[in-house]
Amino acid sequence: MNYSKRNRRGFLKNTAALASLAAGGAELTKAQTPGTPAKRVDELIAYGERSRYVNSIRVPVSERHSPDEFGLTFHVLTPLQDSVGIITPSSLHYTATHRGAIVPDIDPREHRLMIHGMVDRPLVFTMDELRRLPYVSRIHFIECLGNRARPMHKTVQETHGLTSCAEWTGVPLSLLLKEAGVQAEASWIVAEGAEEVKGASSIPLAKAMDDCIVCYAQNGEPIRPQQGFPLRLMVPGFEGIYQIKYLRRIKVVDRYYMTYDDYGHINPDAKVAALTHQIGPKSVITFPSGGQQLSGAGFYEISGLAWSGAAAVGGVEVSTDGGANWQKAELRSPALSMAHARFGFHWNWDGKECVLMSRCTDELGTVQPTRAEIAKYWNEPVEKVRVRGADNSVQPWRIASDGSVHNGLS
Amino acid sequence: MVFPKVLAVAVLALCPPAWTQSPTYKLGRSPTAEEIRSQDIAISPTGKELPAGQGTAKEGATLYVRKGCAGCHGATGSGAHAPTLISRKGPQTATAVPCLAPCVNDSNTMGVHSPFATTIWDYINRGMPLGKEGSLTPNEVYALTAFLLYKNDIIKKDELMDARSLPKVKMPNRDGAALPPEWKHGTPRLQGYP
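Going down the list, the protein sequences come from chains A and B. First residue of the first sequence: 65, per the numbering used here; consecutive thereafter. First residue of the second sequence: 12, per the numbering used here; consecutive thereafter.
Derived from the structure by calculation, the hints contain no laboratory data. For clarity, every value in this text was computed on a predicted model and none was experimentally measured. Incorrect hints may appear among the rest.
A few chain A residues facing chain B, derived, Cβ under 8 Å [said to hold, decoys possible]:
#1 Asp-169
#2 Arg-196
#3 Tyr-199
#4 Glu-243
#5 Trp-252
#6 Val-254
#7 Tyr-327
#8 Gln-342
#9 Thr-430
#10 Pro-445
Backbone N, C-alpha and C define an ideal beta-carbon position, used for all residues, glycine too.
The following block holds chain A by itself, in its conformation from the complex:
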């Protein structure tokens, strides 16, 4: 089935229909504040939009062109410097596409999810059938394994913008697998998308039966196309590539399948291999962060995000002296399992140069490491340390005496 071709035609047809609707639409004139651009009444009523004075936007990852030379493969960063609370608006959620893929335009009426392989009853579900089943709504972060701070990065959007957090709604994968009847010898699943390159990952069956969700909604509305419309597999706490967009197929199998998306995870060193699936405890200060400017000495509320791929956030500490002393920060949001949590910390800046840091301890007691601690683990000099697997190292922000904020890694 060629989704992209058929749906490109469908897209053109819909655009034409919208244009003719707009031509006949009523003009709004009277009720406007002077200076507000003219909007049609039906537009104002139908789907709200943010103030034109709010201009927080996503930006592409600097190291990889978005799109690439082929007009494909986007890696786009969430503006964490502007974030408040724990929910990332769907329009600002980070997005990354498979190499060779662009956002497919899928008609949900034609989309199907097939479950087969080592099951007693292979099943095909329509979207309508999936929506009839019991569902859950859970708040979870998704983070790309490529989310690693580099000295050249200026802002928290660049250092950490490949993580976002949303409310995801759908059918527990365990429910669907039980409907199909998983056979006793099964140990893995292969989940696969419907985009051009049919991105597929091997996922442990234990995880699939534990907390994975076949999602059709994000933040209270159908999942956005960039996020996998109409169906996305949520694999809480695992790195982004596992969260299969455009989910079309789940095959229950008895081994790791070593797909194209899998093979990069393997490593001669079992320790490195272990660090590349689940996200470790991590946090970052979003205010003040790189590129921002403090207006002078005095009170500031340090604000940041903390998360862990294994559990809920247990606590966050902040250091205002480059890691010499750590003090407890306050959680300003619920600490949900495998979700961003918001922390705050009262801070009176004395106007002198200093380095701010945060570190997360998750409910299992695992502590986010500094780069020095990681260097010690791998027995490497700290200035040359290569952070293996998913990078969850502590991020330093250097406050200069003029109030400008800089990446402490540079």
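We have chain A; now place chain B onto it with these hints.
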């Protein structure tokens, strides 16, 4: 009768979780065999999903040009816009050469890093060529896979690749690949790190 009870409990504890059960909601329909076959494109390292067909590197060299692979990957398999298909020699160190994503480790090409040749067959079949993904016949995929294996010095030019021979290809990284550890709810990714 203490013993049998203890034994029964022990046996129950050893059994795998009882995930097999009867359906509760009875939604969804059974796919036809043809529906499953047409979508069943994930190829196991055992090769059990591989279709009939065959190809050699010699045939693959012709297809590499005719199907447009050379246009993106370069006439020699590297040095063009698309990721290189030819491995570097020596130990894997830095990501100097664009890796065939995901760049999780400092991985080199798929030919070197993947421990199974089935990964290459699987990806050419599902993801290539650009804009005509999934259009290659099994024979063409076998031939192109053979060509890439040959170009990476893994098989000989006239070695026939088919459903039997491909999974048996000894990849350079066959024994150098640690798989992800067994996943358990509520456990850190690596005990003692850092």
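Status of each hint after checking the structure:
Given the 8 Å rule on beta carbons, the hint for A:Asp-169 is violated: about 16 Å separates it from the nearest Cβ of chain B. Below 8 Å, beta-carbon pairs count as interface contacts, and A:Arg-196 has one with chain B at about 6 Å; its hint therefore holds. Residue-level restraint check for A:Tyr-199 is violated (minimum Cβ-Cβ distance to chain B is 12 Å; threshold 8 Å). This hint holds: A:Glu-243 has a C-beta 5 Å from the nearest C-beta of chain B, less than the 8 Å allowed.
Residue-level restraint check for A:Trp-252 is violated (minimum Cβ-Cβ distance to chain B is 10 Å; threshold 8 Å). Taking 8 Å as the C-beta cut-off, the interface hint given for A:Val-254 holds, the closest approach to chain B being about 5 Å. Below 8 Å, beta-carbon pairs count as interface contacts, and A:Tyr-327 has one with chain B at about 4 Å; its hint therefore holds. Nearest Cβ of chain B to the Cβ of A:Gln-342: about 4 Å, under the 8 Å cut. The hint holds.
Hint status for A:Thr-430 relative to chain B: holds, with the closest Cβ pair at about 5 Å, below 8 Å. Given hint, A:Pro-445 at the interface with chain B, is violated; its Cβ is 15 Å from that chain's nearest Cβ, farther than 8 Å.
Violated hints, listed in ascending order, are 1, 3, 5 and 10; each of the other numbered hints is respected by the structure.
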